[in-house]
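Chains A and B are the protein sequences, given in the same order.
Take any residue in the first sequence, count from 1 to its spot, add 1: that is its number in my numbering.
Take any residue in the second sequence, count from 1 to its spot, add 1: that is its number in my numbering.
Hints were generated in silico from the structure; no laboratory data involved.
All values reported here derive from a predicted model rather than from experimental measurement.
Treat the hints loosely; a few may be bogus.
Here's a subset of chain A near chain B, in silico, CB distances under 7 Å, partners left out [said to hold, decoys possible]: (1) Gly-61; (2) Ile-65; (3) Val-153; (4) Val-187; (5) Asn-195; (6) Phe-234; (7) Val-235; (8) Ile-238; (9) Phe-242; (10) Glu-244; (11) Leu-249; (12) Lys-251; (13) Tyr-257.
Positions of the beta carbon are idealized from the N, C-alpha and C atoms, including for glycine.
There are 2 protein chains.
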Amino acid sequence: MDTNKKVSVVVDAMGGDFAPVNEIAGAIMACKEKGDALKIILTGKEEILKKELSKQNAAGDIEIVNAGEVVTMEDSPTDVYKSKPNSSINVGLALLKEKKADAFISAGNTGAVMAASTLKLGRIKGVGRPTIGSIFPTDKRKVMVFDVGASVDCKPMHLKEFAIMGTIYMEHIFGVKNPSVGLLSVGEEKEKGNELTFEAYELLEKSGLNFFGNVEGRDVLNGKVDLIVCDGFVGNIILKFAEGVLDLLKAKFRSYADKSFGNKLWMGMIQGTLRAILKDFDYQEYGGVPLLGVDGVSIIGHGKSSPLAIRNMIYRAEEVVRKDVCGKIREEINK
Amino acid sequence: MDTNKKVSVVVDAMGGDFAPVNEIAGAIMACKEKGDALKIILTGKEEILKKELSKQNAAGDIEIVNAGEVVTMEDSPTDVYKSKPNSSINVGLALLKEKKADAFISAGNTGAVMAASTLKLGRIKGVGRPTIGSIFPTDKRKVMVFDVGASVDCKPMHLKEFAIMGTIYMEHIFGVKNPSVGLLSVGEEKEKGNELTFEAYELLEKSGLNFFGNVEGRDVLNGKVDLIVCDGFVGNIILKFAEGVLDLLKAKFRSYADKSFGNKLWMGMIQGTLRAILKDFDYQEYGGVPLLGVDGVSIIGHGKSSPLAIRNMIYRAEEVVRKDVCGKIREEINK
């Protein structure tokens, strides 16, 4: 696209656990820093958003489009698309469909955003299942796992699609040339796996991608490959397990500190170091990840997204638009 | 069994990465501490074992049964049962089959030990698939996940069997009364999951077990339930992922220390604290876990098992024998 043209990003301002405060704070931050390149459209209850905007002394190119309904974390992802047609999610995605905006971001109900994005934007021709990837920290490089929950029951063909879309994303967004692709399984050898991976292995071998072979659970964290594919059931479980690791470490630190006053003082002294070392485990830091395979840019973030995470999601959305990731998927998937 | 009778435990002395040194050290430790209750039989190359026993000044009730072949980590689990009939694994399990010993432990090739145990000992009548569980650390209690790799492709019925066998194990070995059972899935609601979990949910609901419902990846580490069931593909991936967490943390600590001399000194000061806090993540500490559902006691340990881990495996084996876990599974599984 024209590099001088502003990218307009719709922010679901009612989405996250701290909406609309963090959403608006993130939007204001983005406008201040990159006002020349960005236009922000907030969807949500107009009155609430107006009040919050003035409270936070908003400046920059921020517009509100009213959406009378709010999707909660309790809403069923599949039902809510129809039961709340005027939700901030539906209204936001409609703006993309009508070409009134370039991208959509939300820290709201992940399942609802995925379902609505797929239904409203449609799939790119040739894509059987959309996929959402997540970044895992390693000591060497960023590793992305596709899929982490968009498509729970997969056929071998879908894993190949994830590998193609993930490869494009890593090449163009992270600048990783010809990223290596691993197939998540229970052993390195080709013979190890389940029914799904045996067939997926064959497809990936012939795909023309930089296929490494099988990788194991531990390889998600050791940076053996750039990109790992698995069905969304397995991927979602390891993603949430990884989130649980940070919570457990924090709990362990707390109980250690609670044991004695000496421990408490000592933990106070070392906690800055621990925080620096464990920062990579904090999933909020990464901002959002795009739902790939839908015909438009839809970025999904963590419910607990901070203003900084929201800002990062907006920047990610801009980048995915400017680099035309959707167009590249359209080209590659039908080769 | 008669509490005065010695339990005889066969130790695969050629199994682990540090065999036979750690195996023999662990066996000697166990004999010194509990010589009245235990008899140890080592299987492996007689000459090598004799030499190592005298080098380590062995004492106590330790016998050697010669086994001319050694299974390596490279051997295919299914092939090696036939291709190396005189392996330390096969010879050891034969002693159980012939009632010359009560239990078998090995830190060797996990797949080979599982396959040989199933083939040599047979399954308990009514068990479709044997299962191996793993303990995960939480801040509240020990959580066990079944299956972590014995049965990769599972039917809903098999997950129910894992829940029954796991319940018996937790009740009798860990003393957890009526342990709560969670079904690993991608959401807490009954409607969230894949084809396998939908059906397994129905079976578990009607099982008479203390079924909690679905749990997510993060719940493995937060102690929401005592026992979590999943197929061996998913379980193996999260187990190895968890092992990867400790490796990554160690790597992070190292790179932090390498940044400056000051950091290095500081990490030196705090590493004792970190080690104490992270101890629970170290899978070697737990010793082994039994393969449940086979008609005999077979305990499998980590390849890198220390002498202490080997000793703990021997004690675990003794406990599983004395509490007649196999007999209890036989009773419950056919109800």
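Return the numbers of the hints above that this structure violates; sort them in rising order.
Those not satisfied are hints 1, 2 and 12.
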